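**Student:** The lines below spell out each chain.
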Amino acid sequence: MQATHSNNSSPGRGVMTLYLVSGLIITALMLLVGLTMRAAQANWLPLPPDFFYALLTLHGAGMIVALAVCAMGALWFLIRRHIELSASLVVLAWVLIMLGVVGVIVATLVGRFGGLYTFLYPLPFDGSWPGWSTGVFLIGLVLVNVGWMIWCLQMLGAVLRAYGGLRGALAWDYVWHREEFQAAGRQPPPPEAFPALVAGFDGLIAGMDATLLGVSLLVRWLDPRVVINPLWAKNLTYFWAHTFANLIIYMLAALIYVGMAHATRRKYHTSTVLVIGWWSSMFFILANYSHHLYMDFVQPGFMQYFSELSSYLTAVPVTAVTVFSALMLVWRSRTRWTLGAIFLYAGLVGWVVGGIGAEIDASIPFNLHLHNTLWVPAHFHTYLLGGCLLFVMGWVFLLLESRSARETSGIMRGLVVALSFGGMVVFLLGFYFGGAYGVPRRYATEPAPGPFIAQFATVGAVIMLIGFTLAFVEGLRLRWNRAVDQPLWPGELKEAPHEG
Amino acid sequence: MDAAEKLLLMFFILAAVAMFVFVTVAWSTRLPEQEQAEVQHRGYAIRGRWFLGITLFLLAAFFATIPFFPYLAAAEALLPAEKVPVIAQQFVFIMPDHFPLNRRILFEVTSRDVNHGFGIYNPEGQLIAQTQAMPDYVNYLAVTFHQPGHYTVRCLEYCGVGHAIMQKDFTVEGASPTPAPMPMSQPSGTNTVPSSNASNPFE
Ligand SMILES: [Cu+2]
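Going down the list, the sequences are from chains A and B.
According to this note's numbering, the first sequence is numbered sequentially starting from 1.
According to this note's numbering, the second sequence is numbered sequentially starting from 501.
Hints listed in this document are in silico derivations from the structure and should not be mistaken for laboratory results.
In this text the structure is predicted, and so the values were computed from the model without any measurement.
Backbone N, C-alpha and C fix where the C-beta goes; we use that ideal spot for every residue, glycine too.
Be aware that a few hints might be false.
Said to hold, decoys possible - These stretches of chain A come out as covered by chain B in the derived footprint (C-beta under 8 Å, 3 or more residues):
#: 1; segment: 112-120
#: 2; segment: 312-322
#: 3; segment: 367-374
#: 4; segment: 433-440
Just chain A, with the same shape it has in the complex:
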């Protein structure tokens, strides 16, 4: 393993920085949009409902895209350590996604489009907003989807080229013909190749679904005489939205494999259990979406049974592979609990706790009481905010810490941890309590006890954002105290290739 000791950033690092910085800027803006909505639900901030729902649309679409962009950039960099990738292609994908984000911002803030990022047909065409904003919103999401599919194709192509086709990338022979495999001196793909394979493969399927849906809706937008089957549209919408949102955290698992190994000063290798775990995740990620349609009694019955079983079993590979391996890395290691290590580790807690909330909601008898209540944002905020965002922040801090001459003081670390996590817990509990007491989600004005709970949640969110702001300041200080002589981490295995 030869690390590039060059202090000039390579194209790979440049791409990662571009994706991470843009993703985190959008995330920060969307956090403020979220805070605004919670304050409105607390009756502390008067917002007209059409503006509230435009903000809700922006927040949902913006957050999912922002976190996906962070995950895409980091994973792309990790794969490029093993095989050459075209930076111009991934920058093109970035440009398309950013154009899409601009479209979403214009459609919601200017056009007041409030059809939500789940835009269930026929709502986008039956709203209080002008027709052009529906079109701009749909075109924006189509652009995001094109950028996403370019990235997926590049990732899938990379792992297939690097590891000998689908059979090699899946580590098929490594699992089933271990002796011949080892006798031939072959190595299985590194752990981070599996998130790339699964994101590329499942992501392309979701992308094709989104293309079909997007084109159908755009045709309907151009010609109102076109009718679409609403159940068909609902299935396609949730298949795309669920798969895309779900893939983010699976992509970020790569950061655990590389980042936790670094923080704990241990090695993380591909094992048979890891490989089989990812095979099953590859399947479950695609199979689970139908749990969003439990309360659609016209949905074919077998899908309800199947998606409950599949939603349950999803927990097996996540806990038995990624989470368990991370715990084994940490157990009695020499971990230095820097902010980077803390955020990464805390993200695992968010993944598991959010997963528990999700499994309760994925149980049909409970779903009767929780479907479309605040329990839904409760669980997905736990693993998007308390999981995905913390993984990204942990990764960024590990990068900064690895090159900084400065060490974060104990007081600063304590403050960041106490404010960020303390505030986050209060904020998240608001959703869980609201959901359990039947407060519906997506209400500009909530029935009791919604507003009372939202007041606690708003205070929690403010405390959390103060913690995040301190973390940001600390991040800047780490960056300013960069030690030029430190080797870059993670080392790039190959020399920076010239652009082709």
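Go by the hints and put chain B with the ligand onto chain A.
**Tutor:** Chain B with the ligand alone, transformed into the frame defined by chain A:
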């Protein structure tokens, strides 16, 4: 203990167990360092048991939940019921104001425009049953009201700017000498097989 408290308790217990594991493992970094090979040797054994345990637990949970599914078997659909059409549209529910106590009601829920949700809240404000209201489709939801009082229907699928104010109040009244008239009720076509029911695992 009501449904909300049971759900929260279940969530908190499971989350506390998870937190305990994470905190213990983080705390272990204060102990003298252990070789990774040694950790893996013991860890893989625990992982094997965890894998088996969690898989069996989840499979058992799956089979345990099946009796509480709200999807009606064909035989249940034939049970006598008062059929009540419900039409949702932006931003009202068109349906009766009164329902009899202890009689099986079969709501035939549909929508005239976009997707809506039909969620019934009991006099205590608990969400006791729901189904989606979709254009072009009818969802059948069977509910028997055992408690007299003031109920509220709320829209549980985002439907536009008036979503939060889309609600309908109705009352459930005790046995009266003459059966309460059901203005919206009508014999429905015999060829439609109701495909759903609502059962409450907390009752
Ligand atoms: Cu609604």
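**Student:** Does each hint fit the structure? Answer for all of them.
**Tutor:** Comparing the hints with the structure gives:
With 4 residues bearing a CB less than 8 Å from a CB of chain B, the segment 112-120 of chain A meets the requirement of three and the coverage assertion stands. Interface restraint, the segment 312-322 of chain A with chain B: holds (6 residues with C-beta to C-beta distance below 8 Å; minimum three). A stretch counts as covered by a chain when three or more of its residues have a beta carbon under 8 Å from one of that chain; for the segment 367-374 of chain A and chain B the count is 6, and the coverage holds. Check on the segment 433-440 of chain A: 5 of its residues sit with their Cβ under 8 Å from a Cβ of chain B, so the three-residue criterion for coverage holds.
When each numbered hint is compared with the structure, no violation occurs for any of them.
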